[in-house]
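Asker: Since chain L is already given, all that's left is putting chain P on it; use the hints.
Protein chains in written order, with my numbering: chain L, 1 to 175; chain P, 176 to 374.
Wrong hints could be hidden among the right ones.
To be verified - If you want a taste of the chain L side facing chain P, the calculated C-beta under 10 Å gives, among others:
(1) L24
(2) C26
(3) P44
(4) N47
(5) P93
It should be emphasised that the hints constitute simulated quantities derived from the structure, not laboratory data. Heads up, the beta-carbon is just placed ideally off N, CA and C, and yes, glycines get one too.
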Amino acid sequence: MVTERQIDWRSGIVEALRANDIELICHVSDTVLAPIVRTLEEDPTFNVVTLTREEEGVGTLTGAYLGGVRGALLLQASGFGNILNALGSLAIPYQIPFPIILSARGGFLEHNVVQVAWGKAAPETAEALGMQYFPMTREDEVAFVAEQGMRHAFVSRRPTVIGIETQLSGGKRGR
Amino acid sequence: MAANPSLERPERADLTRRIVDTAADDVLLVSGIGNASFDLRAIAGERPGNFYMLGSMGQAISIGLGLALAQPERSVVVMEGEGSVLLNMSALATIGMVAPPNLTLVIWDNEQWQITGGQRLSTAESCDLAAVATACGIQNSATPANADEFVQALRYALDAPGPHALVTKIAPTPGLPPQRDDPVAIKLNFMADLGLAPD
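Chain L extracted, bound-state conformation (with noise of 0.2 Å):
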């Protein structure tokens, strides 16, 4: 069942891209992001790009913005594995902005042990590399985070992370 609170967080973050001029949106399969891609390919502002994996987003994204679209990358967490080196060796010294939405796993609710090692590692592993990721915990933060941790990727030139952090998602429970 859909509630009415996980609609405002969702469009909080809808509204958040289109605040940041953001057209292009690339996806990976993800439970939590599902209702956010499904209203993004409803509107007519945005053209959405089903992706193979994860990796392939960070160069569609680059030519993107070569040739002048803002786009985002949509993800959970395990996929933000997949596109470390591209981040590092392209989207990073090319000075490339975009935010990536990683639906975050690995934490509080988690059921599956396989989750919890990249859910600990995904903000730290930002940080490594130069990137800020900004945490979403509280439906009352999104408007703000969402919208200013997009805002900064343009103006740090290079890619942010904005974190769904299961507190605000309610995670994946196990069926």
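Answerer: Positioned in the frame of chain L, the structure of chain P alone reads:
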């Protein structure tokens, strides 16, 4: 001893020169890490609308996809080695699905990782990259066997809706001497050529 057929194949630098000579001034050229970029940079380093990769093996075809989406009125030609395409082969499936009509992938296939010592690759034996591209939905896949066929296929690709893939077997010739480049300067020059101001 039989002659080595790979030595009779066209050379990347010669075909790169033909791309530069054939493509109109407004065609955007993206070259992948290593020899593809070394050759384009040495042959046409000052050409407006060139983007050179210095790292991130495999990402050139994805950069081409994003650029083709952002600049739908321009043709985009990506030059990339087969080793890099094999590394990011998932992107062929994405490109086939998105199917930007203005994107052409030129894949240089010398059947080896030439730049790291000539280690033999799957395209020498078992992997048919043109068939992979076609199977991924890139319907216009050509396998030009010499320079004339290459130019003919390139002219068609620049004229007809794509995406196109020109999977070209080339001789294992080393790249032209690399030049030191600043990634930010590459970005700024490229965007300035398009009249764009980066953040």
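Asker: Now tell me, hint by hint, if it's right for this structure.
Answerer: To see whether the hints hold, each was checked on the structure:
1. L24: holds, 6 Å
2. C26: Since the shortest Cβ distance to chain P is 8 Å, the answer is holds.
3. P44: Where the cut-off is 10 Å and the nearest Cβ of chain P is about 15 Å from P44 (chain L), the hint is violated.
4. N47: holds, 7 Å
5. P93: holds, 4 Å
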